[in-house]
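**Student:** Fit chain P to the supplied structure of chain U, relying on the hints for placement.
Here the protein sequences come in this chain order: U and P.
Take 22 as the starting number for the first sequence in my numbering and just add one per residue.
Take 32 as the starting number for the second sequence in my numbering and just add one per residue.
Because the hints were derived from the structure by calculation, they are not lab data.
C-beta: ideal position from N, C-alpha, C; glycine also.
Treat the hints with care, since some could be wrong.
Some chain U residues close to chain P (C-beta under 8 angstroms, calculated; not the full set) [stated by the list, open to error]: (1) L26; (2) V33; (3) F40; (4) Y41; (5) G47; (6) K52; (7) V54; (8) F59; (9) A71; (10) A78; (11) I80; (12) V95; (13) I97; (14) L114; (15) Y122; (16) E126.
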Amino acid sequence: MLMGLYNYWVVVVLMMIGFYIVIAHGNLIKKIVGLTIFQTSVFIFYISMAKVKDGTAPILEQGTELYSNPLPHVLILTAIVVGIATTAVGLALTVRIKEAYGSIEESDIQSQDNLIQEAHTQDAQSQVTRSQVT
Amino acid sequence: MKDLFAVAMLVGIYGLLSASFFVAMDAVDVAFTEASVGAGISTLLMFVVITMTGRSEDPVRHKPLLALIVVVITGGLLIYGTLDMPYFGAADAPIHQHVAPRYINDSMQEVGVINLVTSVLASYRAFDTFGEVVVIFTAGIGVLALLSVVRRRDDDELIDSVNDSMHEQHLILRIVTKMLIPFILLFSLYVQFHGDFGPGGGFQAGVIFASAIFLYTLLFGLSTARRVINQSLIRLIAAIGVLLYGCVGVVSLLNGGNFLDYNVLSSDPIAGQHLGILLIEWGVGCTVASVMMIIFFNFAGRQEEQQQAKEKEKS
Chain U
22 MLMGLYNYWV
32 VVVLMMIGFY
42 IVIAHGNLIK
52 KIVGLTIFQT
62 SVFIFYISMA
72 KVKDGTAPIL
82 EQGTELYSNP
92 LPHVLILTAI
102 VVGIATTAVG
112 LALTVRIKEA
122 YGSIEESDIQ
132 SQDNLIQEAH
142 TQDAQSQVTR
152 SQVT
Chain P
32 MKDLFAVAML
42 VGIYGLLSAS
52 FFVAMDAVDV
62 AFTEASVGAG
72 ISTLLMFVVI
82 TMTGRSEDPV
92 RHKPLLALIV
102 VVITGGLLIY
112 GTLDMPYFGA
122 ADAPIHQHVA
132 PRYINDSMQE
142 VGVINLVTSV
152 LASYRAFDTF
162 GEVVVIFTAG
172 IGVLALLSVV
182 RRRDDDELID
192 SVNDSMHEQH
202 LILRIVTKML
212 IPFILLFSLY
222 VQFHGDFGPG
232 GGFQAGVIFA
242 SAIFLYTLLF
252 GLSTARRVIN
262 QSLIRLIAAI
272 GVLLYGCVGV
282 VSLLNGGNFL
292 DYNVLSSDPI
302 AGQHLGILLI
312 EWGVGCTVAS
322 VMMIIFFNFA
332 GRQEEQQQAK
342 EKEKS
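Looking at chain U on its own, in the form it has when it is part of the complex (with noise of 0.2 angstroms):
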């Protein structure tokens, strides 16, 4: 009887494969291809939920009775396009992370950014000690 939820097995797999890839990998365009994987595996849960056995796709037609469900179809077709949409800013925004740092892997970003504040504790500092002095 449990082989019935096989579907939604299938997605939650798909759905810790791609947070695996978001959490463990440092290279930003990894964590963006594991978050595609992810959000395909929404989109596989919401199209294996409109299925009903035996029925058709929803277009009407003379002599059938069983479409499946047309509303998942409707949010997530919108949903792909919104995905690609927003996943081609997460790029723009990794190529604007190269062009700045000149890396994308995330423990070179973050090592820099922890020399650069580094660096402006210790100008701040000198200034102190400076202002001590005079």
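**Tutor:** Chain P only, in chain U's frame:
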């Protein structure tokens, strides 16, 4: 996998596979969109970005064990949650009880469009779709703000010479593409206007139209494509698409109906519905096609700019 080129290629294959999966699930409209977006546009964008950011990944990994534990726990909880879900393909699942029967039984009298997905997308849930179109438009503006470069006139001739030398090798591809492009464009228009009767609509048509232009750009070079497609014109069209959609809503308000209530657009409610759906599908198609083109041209333009800067440094 360390090679990002292979990763992008696999993403494309994954997109195509999920499109065929959607066909198997009777979601033909969705499959249409996913095939052109997942297998075409997203792969292409990834390639352009990879040429700018470098092909290989840093081999250092950070604590995969901790991530794995988190993922396994979350996955286990989600699987536990699915145990209460209705079975796959069950016709009496809660999702099929709420509004779906009305869409299936009454939409022929209320909207008069054979394709249920179109009638739900463009009529019952038109307000939703308006929001989505605005999101796409905003994403286009975002990419424009992040990546747009001011081009200088004198660079154009230099690019031309580079392009000519680069693309002469692909003679067969160029000729075949030249023959294919009119058909792709025609097909996208067919998808746009036939969306009432078969799978299709503004979203799919916009994406297919944009991918024909991408194909042209790939084989004939960016500067040639820029000469064919005026950059400021497609920005204008993107805005006009959203505006057209909103205007249909405002006109129906002024005619005494609700926002995006097409029944009042014409004396006959069904004719009004048809008119409204036609207009807003046009708006959607225009916006989607031109936003996709804006995104692609800006990525490619950025990449070209970087290459030129490198060449200048060398010389």
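**Student:** Would you mind marking each hint as holding or not holding in the structure?
**Tutor:** Taking the hints in turn, this is what the structure says about them:
no. : hint : in the structure
1   : L26  : holds, 5 angstroms
2   : V33  : holds, 5 angstroms
3   : F40  : holds, 6 angstroms
4   : Y41  : holds, 5 angstroms
5   : G47  : holds, 6 angstroms
6   : K52  : violated, 11 angstroms
7   : V54  : holds, 6 angstroms
8   : F59  : violated, 11 angstroms
9   : A71  : holds, 7 angstroms
10  : A78  : holds, 5 angstroms
11  : I80  : holds, 5 angstroms
12  : V95  : holds, 5 angstroms
13  : I97  : holds, 5 angstroms
14  : L114 : holds, 6 angstroms
15  : Y122 : violated, 11 angstroms
16  : E126 : holds, 4 angstroms
Figure legend: structure checked against the earlier numbered hints; hints not met, in rising order: 6, 8, 15.
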